[in-house]
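Asks: Sequence:
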Amino acid sequence: MTTTPAPSVATATAAAATPSLLATLAGHHYTDPEIFRQEQEKIFERLWFCAVRSADLDKPGAFRTVRVGRESVLITRNRTGALRAFLNVCRHRGAQLCTEESGEVRRNLQCPYHAWTYDLDGRLVAAPNLQKMPDVDRGERALVAVALREWLGYAWVCLADEPPSFEDTVIGAAVERLGDAASLDRYRTEGLALGKRLTYDVAANWKLIIENFMECYHCATIHPELTEVLPEFADGFAAQYYVGHGAAFAEEAGGFTVDGTEGFGRLPGIEDTQDRRYYAITVRPQVFVNLVPDHVIVHRMFPMAPDRTVVECDWLYLPEVVASGADVSKSVELFHRVNAQDFDACERTQPAMHSRAYRAGGVLVPSEHHIGVFHRWVTDRLAGEEAPCQE
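Residue numbers (this note's numbering): 1 to 391.
These are computed hints drawn from the structure, not numbers from a lab.
Any given hint might turn out to be false.
[What the hints assert, rightly or not] Label pairs and their computed distance ranges (CB to CB): (1) A182 <-> Y113: 46 to 52 Å; (2) R376 <-> V243: 34 to 40 Å; (3) R376 <-> A181: 20 to 26 Å; (4) E167 <-> G254: 35 to 41 Å; (5) A160 <-> A55: 22 to 28 Å; (6) R356 <-> A182: 27 to 33 Å; (7) E104 <-> R356: 49 to 55 Å; (8) A305 <-> L130: 37 to 43 Å; (9) S165 <-> A17: 49 to 55 Å; (10) A340 <-> D135: 56 to 62 Å; (11) R348 <-> G372: 20 to 26 Å; (12) S165 <-> E104: 32 to 38 Å; (13) V243 <-> E41: 51 to 57 Å.
We treat Cβ as the ideally placed atom computed from N, Cα and C, and that holds for glycine.
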C-alpha cells in the first residue's frame, strides 16, 4: 500500500491559490423536513444501505426489521440459509408484517391482522379462505422483494428498482479511500466476530455526524485519548484527507486501547505497512469503517428525523478472541469515548442550524475542504444527478 505523507510546505504552497475558507451547506439543510424527505427518497431509498450484520441472523427463520428511508425492511434467513429482504408490508391490506425489531419464526411469516402467511422466500402460502379464491395468483401477491448483497459480513439492501453498481458505489468507496480493495480485504471482516455493540441515539442531523467523522480539526480539542494513540491527529488532518494514508500509532502506544496497552495481536491477513496504523473509510450514505491491526469498528447510521440519528456501532475481533472471553473493554472504551465526544459535539451544533447566524451556513478550513466533496454529492443527489461526485 502507498501511504501519503503528512502535509508539507510544498503542499501548502500548491494550495495557496485556493481560498482558505470554503462555504458549507446552509443551516436549513440540517433542519428542513422537506429536505430530509428528499434525502430519504433520493439517497437512502436509492442507494445501497448497510442494514444488519449477517451473523445476527444465525439460523433459518431469524429476522430483523430495519428502517431504510421511509420504509420498514424485513431481512430474514430462509430454509437454505440464504438472506432475503422484503418490504415489511402485508400484500393484503398493508399491515406491518413483523412489528418487532428482531425475532425468530419456525417456518413462515404471518401477518397479525388477517393471518396472510408467507414463507421465508416471501411467497404467499396461506390465508383464510384462500382455497375458495382459485383466481388469486399467489406469486403475484408475494412480499415485495428488496435487493440484497453481503459484504464485510453485513447485509446491504437497496430499495431502488434498478440498484446502482455495488462495486462502484460501495466497494468503490474503499478503493477511493485506500487506493485498492485488497487493502480492506486483508482485514477479512466477514470472518470476524462481534465483541461489543453499542447503540447511540443522537439528537443531530445525519450529515453533521458524517462531517464530524471526516475531519480531525476538532481532534486536539475534544479527543485527548485518541490523540494520545494517534498523535498526528492533534495537527488537525484526518486520515481520510489523503488517499491510502493511515495514521501512525504513537511510539509508546502498545495498541489501539484507551490506556495505550497492548491489544490482541495483529490480524493475520494485514501487511506490515498496515500494522500500527489506523484507517477510516466513509461509505456513503451511512457507514463508517475503522481499521486497526487487531480489530475493526463499523458504524451504521439510521437517520430517523432531521434532528435525530440512531448509530449502531460494532467492535469486531478474531473469533478466538471473542470465544476465549478476553476482556475487550480497553479497546472498546477508546472508541466509545470518541463516539460520545463526537456525538456530544454534533448535538451542540444541531440547535444552531436554526439560528439566523447560520442562515447562510458556516465555513470549512483547509483541513476540512474535502467535506465540500460530500456536500456537493448530497446536493447533486437531491438535484437528480446520479453520478458519484469525485474529488
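Asks: Each hint needs a verdict: does it hold in this structure or not?
Replies: Cross-check of the supplied hints:
{"no.": "1", "hint": "A182 <-> Y113: 46 to 52 Å", "in the structure": "49 Å, holds"}
{"no.": "2", "hint": "R376 <-> V243: 34 to 40 Å", "in the structure": "18 Å, violated"}
{"no.": "3", "hint": "R376 <-> A181: 20 to 26 Å", "in the structure": "24 Å, holds"}
{"no.": "4", "hint": "E167 <-> G254: 35 to 41 Å", "in the structure": "38 Å, holds"}
{"no.": "5", "hint": "A160 <-> A55: 22 to 28 Å", "in the structure": "26 Å, holds"}
{"no.": "6", "hint": "R356 <-> A182: 27 to 33 Å", "in the structure": "50 Å, violated"}
{"no.": "7", "hint": "E104 <-> R356: 49 to 55 Å", "in the structure": "52 Å, holds"}
{"no.": "8", "hint": "A305 <-> L130: 37 to 43 Å", "in the structure": "40 Å, holds"}
{"no.": "9", "hint": "S165 <-> A17: 49 to 55 Å", "in the structure": "35 Å, violated"}
{"no.": "10", "hint": "A340 <-> D135: 56 to 62 Å", "in the structure": "58 Å, holds"}
{"no.": "11", "hint": "R348 <-> G372: 20 to 26 Å", "in the structure": "22 Å, holds"}
{"no.": "12", "hint": "S165 <-> E104: 32 to 38 Å", "in the structure": "34 Å, holds"}
{"no.": "13", "hint": "V243 <-> E41: 51 to 57 Å", "in the structure": "32 Å, violated"}
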